[in-house]
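Participant: Here is what each chain is made of, one letter per residue.
2 protein chains.
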Amino acid sequence: MRLTRYFLPVTKETPADAQIVSHQLMLRAGLIRQTAAGIYAWLPLGFRVLNRIEQIVREEQDRAGAIELLMPTIQSADLWRQSGRYDAYGPEMLRFPDRKGTEMLYGPTNEEMITQIFLGSVKSYRDLPRTLYHIQWKFRDEVRPRFGIMRGREFLMKDAYSFDLDEDGLKASYEAMFVAYLRTFARLGLQAVPVKAPTGPIGGDLSHEFHILAETGESAIFYDAALEDISRDELLSADAATIARLTSLYAMEEEEHAKVAECPVPAERLRSRRGIEVGHIFAFGTKYSASMGLSVQTADGTSLHPQMGSYGVGVSRLMGAIIEASHDSSGIVWPESVAPFRVGLINMRADDAKVTSAADDIYSRLQNAGVDTLYDDRDERGGAKFASMDLIGLPWQLIVGPRGLERGVVELKNRATGEREELSLESALARLTA
Amino acid sequence: MRLTRYFLPVTKETPADAQIVSHQLMLRAGLIRQTAAGIYAWLPLGFRVLNRIEQIVREEQDRAGAIELLMPTIQSADLWRQSGRYDAYGPEMLRFPDRKGTEMLYGPTNEEMITQIFLGSVKSYRDLPRTLYHIQWKFRDEVRPRFGIMRGREFLMKDAYSFDLDEDGLKASYEAMFVAYLRTFARLGLQAVPVKAPTGPIGGDLSHEFHILAETGESAIFYDAALEDISRDELLSADAATIARLTSLYAMEEEEHAKVAECPVPAERLRSRRGIEVGHIFAFGTKYSASMGLSVQTADGTSLHPQMGSYGVGVSRLMGAIIEASHDSSGIVWPESVAPFRVGLINMRADDAKVTSAADDIYSRLQNAGVDTLYDDRDERGGAKFASMDLIGLPWQLIVGPRGLERGVVELKNRATGEREELSLESALARLTA
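Chain order of the listed sequences is A and B. Per our numbering, the first sequence starts with residue 2, numbered consecutively. Per our numbering, the second sequence starts with residue 2, numbered consecutively.
Treat the hints as calculated values from the structure; they're not laboratory data. For each residue, glycine too, the CB sits at the ideal point set by N, CA and C. The reader is advised that the hints may include incorrect statements.
What the hints assert, rightly or not - As a list, the in silico PhoX-like pairs of lysine-lysine whose alpha-carbon atoms are at most 25 Å apart: (1) 13(B) to 124(A); (2) 13(B) to 13(A); (3) 124(A) to 124(B); (4) 101(A) to 101(B); (5) 172(A) to 124(A).
Unchecked claim - Anything over 12 Å on all C-beta distances counts as not near chain B; from chain A, calculated: (6) 25; (7) 31; (8) 167; (9) 281; (10) 296; (11) 338.
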């Protein structure tokens with residue numbers, strides 16, 4: 002993409018109302034724009050990152066055998082009355098009448114709806130187990146939206162729902178999602194700590210939250226230092242044994258930790274850091290299947306209420322968490338897996354025909370090789386271009402200038418390490434297309 | 002995908018409340034499920050088709066140089082007051098206060114928001130022209146939702162917005178979108194007729210609707226028979242000359258046609274068929290840029306209000322239009338470009354180890370070759386499997402049965418033509434992976 006044809010409104014000023022670094026950087030790097038309190042538009046660069054995060058989440062759901070569908074954003078209040086949650090849910094739920102006065106709501110979650118869909122489709126034990134998921138916009142009418150998209154009102158969430166015949170089945174579905182989450186966060190370049198969670202209003206007896214460790218997290222997490230030793234490779238090849246090991250290690254949110262009479266972790270191994278919650282999984286059994294009358298026939302002709310679980314990931318929130326975990330004083334440092342473009346190509350002298358012709362040629366070659374490239378072809382000073390590229394945080398910068406070209410070299414900069422290298426054009430291309 | 006692990010609730014019964022064939026087939030083939038009046042969930046098979054349509058729309062927008070972003074579903078009423086449309090818009094707009102009493106709405110379109118975003122980002126003529134688009138859920142509170150997703154309340158739409166320095170620029174942007182639309186509909190396997198439209202409340206002086214000809218269309222279209230002679234190849238390579246030719250041919254909606262004093266088309270060339278509106282483009286000039294105070298600096302230091310246009314495609318509605326245009330008495334006949342799977346593999350005897358082993362092997366080979374395959378591995382009668390496959394309308398059916406296997410052959414059926422052929426397994430695979 003040529004910057005002269007793109008839409009990338011970056012700014013130098015740090016927005017006064019943005020308190021945390023991810024919010025500041027997302028505004029400055031032209032990723033998002035606020036359109037109302039707690040509501041944001043995803044500008045082209047931010048939209049690309051959102052898509053990449055979403056795609057990794059999707060691939061890991063598919064890999065776990067979950068099946069994607071898409072439920073609507075607007076639901077009827079009557080549906081929520083069937084489970085008894087309509088009155089139980091707080092004012093975070095956006096409720097309104099439609100033009101005929103029918104009570105509607107903007108869905109904050111979909112347990113009722115998926116149970117209703119299942120109810121109309123599945124009659125027999127042979128159709129179980131199934132895990133269904135969707136990635137859809139949700140609304141939570143926060144009284145005090147803040148931290149940009151980290152605690153906005155309209156947000157993108159992946160929510161999955163499992164249906165099993167018995168508790169063993171539910172446990173297996175829960176573990177499959179646990180594995181999917183470990184792999185998802187590892188692929189996003191994040192270190193996520195699974196924390197045993199109280200099950201609260203959703204019910205059931207098994208629940209974990211996944212927290213990204215970052216200074217700006219909402220709550221403190223107390224955990225066994227051994228959790229820090231788990232490698233990315235181990236997470237990427239996670240299985241039931243990995244989960245058993247992980248969940249045997251102590252990790253609690255502040256509030257729950259305070260309730261523990263005697264912490265099982267020796268003081269020298271107990272760590273405390275702040276965490277950003279990016280995922281939450283629940284096994285809640287028959288809470289919805291029983292209240293909404295979902296039954297399936299068993300092999301012996303009797304019927305039962307399926308055992309259910311639900312599994313959420315804050316897709317849009319993950320972008321904030323990634324930035325909180327990966328930035329420096331110059332800007333964002335995207336992990337390769339979610340970077341909006343892999344390479345930022347900088348033409349140092351757009352007013353010099355020779356340099357421009359060389360940079361244009363490199364751009365075509367990168368494009369032909371399928372390397373996502375943002376080409377800064379603007380007629381601007383080099384310094385401004387460097388600052389913008391550092392701010393938007395693409396993994397590689399390829400710098401083409403008149404002095405280098407005379408010597409037959411270009412400069413390749415690694416955004417994460419800051420390392421710069423002079424290379425022949427061919428070597429640089431070989432490196433980036435490898 | 003194995004059907005024994007999928008979620009595909011097909012039904013034989015024609016739903017009583019579905020009046021048109023696309024609505025009936027979408028319910029019967031397990032593509033959608035109604036969750037409230039005029040609101041639908043997209044079941045896994047329907048979601049796959051929706052994605053394919055969306056992707057073709059996206060590719061043609063990108064090809065036209067439009068840049069994708071994503072605006073939120075919920076907007077503030079104040080934004081719409083700036084353009085004066087808040088009070089002008091009818092009760093189809095879903096309006097509600099949030100928990101603090103701020104007036105909000107579920108966006109039916111985004112002219113105001115994109116103008117606001119542009120206003121905060123672009124100052125100079127050098128940043129024009131630009132066309133931005135998004136593909137997002139919209140809500141239109143229809144008083145009488147009907148025809149399934151064809152006239153539902155929550156629907157997916159692609160809307161693009163162009164910004165130009167002058168009217169010539171606007172004309173070029175308009176033509177680029179016109180070309181994108183012709184290509185999009187041709188790729189979707191549809192014959193679309195561009196109809197000159199009255200500009201109405203959106204203002205401006207240039208507007209076209211794109212109608213798919215189908216018996217169940219909402220309005221009659223009167224047009225020159227010469228429009229039927231335009232080939233798919235011509236549409237796929239459309240340019241300004243194609244548009245000039247197309248728009249020179251008479252095509253009017255009923256109501257506008259009735260106002261024409263003397264129809265320029267000789268009676269023997271005048272056709273009348275019903276049309277489903279799937280796209281609408283407008284050049285409206287400075288209506289929003291002027292009312293919302295969007296100005297850019299020109300090269301000579303003065304400033305001007307950009308000339309704007311907006312360009313909509315009904316993405317979810319297209320699925321209904323495709324089915325209306327492509328079905329038979331047995332079910333849907335998907336064009337290859339949007340089919341949820343390319344091949345339906347039928348195991349005729351899941352209780353026969355030899356047949357199942359052969360079918361399993363074919364399934365792996367199709368998967369390895371990257372052919373999207375839905376594998377009916379259920380232990381059901383062949384007749385029921387045939388009926389389901391015809392209903393869901395995948396382009397190819399590959400049938401593996403005991404008698405054929407003895408002779409070393411499988412059967413390949415083309416859903417559109419109904420043609421069946423016995424082939425060696427290798428020939429069948431070669432055909433499907435070609």
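Participant: Compare the structure with the hints numbered earlier in the document and write down the numbers of the violated ones, lowest to highest.
Facilitator: Structure breaks hints 2, 3 and 7.
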